[in-house]
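Kindly generate the complete structure, drawing on both the sequences and the hints.
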Amino acid sequence: MAKNFIKEGCVTDHTNGTGASIASGSPVIVGNRQIGIALVTMAIAAIGAVAVEGVFSLAKNTSMAVIQGQKLWWDDVAKEVINAPALNAYFIGYADAAELAATATVHVVLEEFSDEGPRTLTLAATGAQTLNAGDFGGGDLTVFAPNTAAQTVNLPSVAAIPPGSKLFVKKTDATVAAITLDPAGSELIAGGATFATQDANNDLAQFVSTGAAWALTYSVIA
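The sequence shown begins at 0 in numbering that gives the first Met the number 0 and counts up one residue at a time.
A few of these clues could be false.
Derived DSS-like pairs: lysine-lysine, alpha-carbon spacing no greater than 30 Å straight-line [what the hints assert, rightly or not]:
1) 70 - 6
2) 70 - 169
3) 165 - 78
4) 70 - 165
Label-pair distances were calculated between CB atoms; the ranges are [claimed, not checked]:
5) 3 - 101: 25 to 31 Å
6) 199 - 6: 52 to 58 Å
7) 172 - 69: 29 to 35 Å
8) 116 - 40: 40 to 46 Å
9) 53 - 119: 27 to 33 Å
10) 68 - 17: 28 to 34 Å
11) 143 - 163: 45 to 51 Å
The set of hints was computed from the structure by calculation and includes no laboratory data.
The structure displayed is predicted, hence computed values, not measured ones.
Ideal Cβ positions, reconstructed from N, Cα and C, are used throughout, including at glycine.
Have a look at this one:
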């Protein structure tokens with residue numbers, strides 16, 4: 000065996016930075032890599048073993064059927080697996096077996112966020128919206144914004160998402176109302192503190208994360 004071999008890659012040591020205890024068997028967000036499963040209970044700030052490979056039984060939304068091999072996402076608020084991408088959900092892997100909608104659990108084959116590929120979301124028409132690192136797990140995110148009133152879309156820190164991630168935003172309602180893209184903290188977007196020029200139907204803009212800010216790469220503004 001190679002002298003620099005450390006260990007098999009199916010388990011990683013993870014520091015619990017959530018501010019709450021993590022129970023054994025719970026899904027754990029491992030950076031911008033993937034969802035893993037805690038193999039031990041972890042106190043606040045403790046280091047514990049987290050599986051990043053394998054098949055695990057997890058709680059499932061009981062209004063959603065699942066087919067074998069289907070992509071699955073983890074709703075970290077409801078603490079359940081769902082069968083379609085949703086705002087702030089994290090890609091977790093694939094269904095190991097089919098399950099009826101009423102079934103309360105599903106067997107999940109763990110995979111990395113990058114396996115999801117590009118994500119497309121349609122935002123609510125009103126109210127501030129907040130994107131998180133899970134929305135950019137696959138690297139690129141397309142957002143359709145049918146806003147009928149002025150709307151702020153809060154962006155995650157570029158440090159929390161994969162380098163080079165792209166954000167494409169298109170306004171899809173004829174109401175004259177601006178979308179304001181608001182980066183995290185003091186981060187900039189298109190050289191400014193916010194980007195709020197999209198206020199007409201079909202206005203679109205594309206940005207890329209430089210690792211320090213959001214750079215505007217393309218736009219069509221009426």
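Each hint tested on the structure:
1. 70 - 6: Distance of about 29 Å is within 30 Å: holds.
2. 70 - 169: Within the cut-off at roughly 26 Å; holds.
3. 165 - 78: Measuring from Cα to Cα gives roughly 27 Å; hence the hint holds.
4. 70 - 165: holds, 22 Å
5. 3 - 101: 25 to 31 Å: Violated, at about 50 Å.
6. 199 - 6: 52 to 58 Å: Given a distance of about 55 Å, which is inside 52 to 58 Å, the answer is holds.
7. 172 - 69: 29 to 35 Å: holds, 31 Å
8. 116 - 40: 40 to 46 Å: The hint (40 to 46 Å, Cβ to Cβ) is violated, given that residue 116 and residue 40 are roughly 34 Å apart.
9. 53 - 119: 27 to 33 Å: holds, 29 Å
10. 68 - 17: 28 to 34 Å: holds, 31 Å
11. 143 - 163: 45 to 51 Å: violated, 22 Å
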